[in-house]
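Residue numbers (this note's numbering), protein chains in the order written: chain H, 1 to 226; chain D, 1001 to 1226.
There may be inaccurate statements among the hints.
Stated by the list, open to error - Covered stretches of chain H, as calculated for chain D (at least 3 residues, CB under 8 Å):
1) 7-15
2) 20-27
3) 113-127
4) 189-196
Claimed, not checked - One side only, chain H facing chain D, incomplete, derived with CB under 7 Å:
5) ALA82
6) LEU143
7) ILE144
8) ALA158
9) ASP186
No wet-lab data here; the hints were simulated from the structure.
Just so it is clear, CB atoms sit at the ideal spot from N, CA and C, and this is done for glycine as well.
2 protein chains.
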Amino acid sequence: VKISELSTRSGVPVATVKFYLREGLIATGEKSSQTQSSYDESHVARLRLIRAFLEVGGLSIASARQVLAVMDDDSLPFGVAAGVASTALPAATTSASEGTGRGDRDLSDLIKRRGWTVDPQNPGWGLAARVIDDYAALGRDDLISTLDIYADAAERVAGADLQSVADADGRAQMTETVVIGTVLGDSLLAGLRRMAHENFSRTLFPVPPEIAQHYDHSPLTRQEKP
Amino acid sequence: VKISELSTRSGVPVATVKFYLREGLIATGEKSSQTQSSYDESHVARLRLIRAFLEVGGLSIASARQVLAVMDDDSLPFGVAAGVASTALPAATTSASEGTGRGDRDLSDLIKRRGWTVDPQNPGWGLAARVIDDYAALGRDDLISTLDIYADAAERVAGADLQSVADADGRAQMTETVVIGTVLGDSLLAGLRRMAHENFSRTLFPVPPEIAQHYDHSPLTRQEKP
Chain H
1 VKISELSTRS GVPVATVKFY LREGLIATGE KSSQTQSSYD ESHVARLRLI RAFLEVGGLS
61 IASARQVLAV MDDDSLPFGV AAGVASTALP AATTSASEGT GRGDRDLSDL IKRRGWTVDP
121 QNPGWGLAAR VIDDYAALGR DDLISTLDIY ADAAERVAGA DLQSVADADG RAQMTETVVI
181 GTVLGDSLLA GLRRMAHENF SRTLFPVPPE IAQHYDHSPL TRQEKP
Chain D
1001 VKISELSTRS GVPVATVKFY LREGLIATGE KSSQTQSSYD ESHVARLRLI RAFLEVGGLS
1061 IASARQVLAV MDDDSLPFGV AAGVASTALP AATTSASEGT GRGDRDLSDL IKRRGWTVDP
1121 QNPGWGLAAR VIDDYAALGR DDLISTLDIY ADAAERVAGA DLQSVADADG RAQMTETVVI
1181 GTVLGDSLLA GLRRMAHENF SRTLFPVPPE IAQHYDHSPL TRQEKP
């Protein structure tokens, strides 16, 4: 197909496709004439993968190039591509606090206790450590006692995630699974957790119907029913 | 104590304390002279709670005021405060896609299957539904099959979260727990999940030491060891 159809099929503008070609992120097509090249299904799939990296994963062009290079190198085991893709994903932290060391110590103990092997450079380590530091800074050390229950849940979900990666069709789809599964999976888990909060709250902290009719679980602007 | 010491103790600048006083978020102190008021421990605790709402929870002043008003009203069951606090928390979505209805349908089925009672207005519902829509839009319906494993994990963690709320000391600390536990708990779970990913990846996709020495799980800029 021509570059215009490649653009339509992948949802990537022609100018952007040309940019990716110049950057070497996708292979050049077969020369079909002096001025035109022809592209195939592999180009469509590649563009969709790059879109997933950039738009879902939030990777920079430079990071995407490095992930693709490792993924494309069949002499490297897939674990290298998985590691490079995973570490390229930003781990947003909500904390502005300096680390106190408490989180790092608790996580070191945790991974020993559970027999995990995790590099302290893993982006998730810093994220989790800062939460523990924040709980302590807020005077809420009691909340740190839930750490093992969180780790159980994380382990359960991560096991399923890795199975999805292993079940994917080829290295490209496996790498895509690492990227979109990591990012979207966080949102899925966060969303379901808030749904489960409401469910348990209704049992643990019931609101009698005559009061509930004035309040609901909708956003605050609509909090008081007419 | 004087307003200056209240500021030091709570970490809130004097001008901000005066603003909260004018806004009615904290009670006025005892008049100790014509120009000075005296504050006590309850004011320090209240300011820390407001800081947690604004800085950790990301609530607006208007939302914080509504949560505090419901929390302060002892004639209302705590479930109302929990619901209002929870729905005031923003649920960041990474999706730019329009909902297709797939996510809403899958979540309706899920909550029926699990016997949950959840209002579709729950901020987590939209977040989770958009992820399912995104998986489908990316042609990765296969990833939706992990939904129940995610829901299991969410349920387990949410149960512990609600127990932390119930164990907290009084309505103010219970409400604080809802706010900081919801926000920081998301980060903790996300961080631990990425740590567990690495742990499982090392088993499922092993990298021989002679290759591993050139790559590690550190950020990409340091990806290739010298």
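Hints broken by the structure, by number, lowest first?
1, 2, 7
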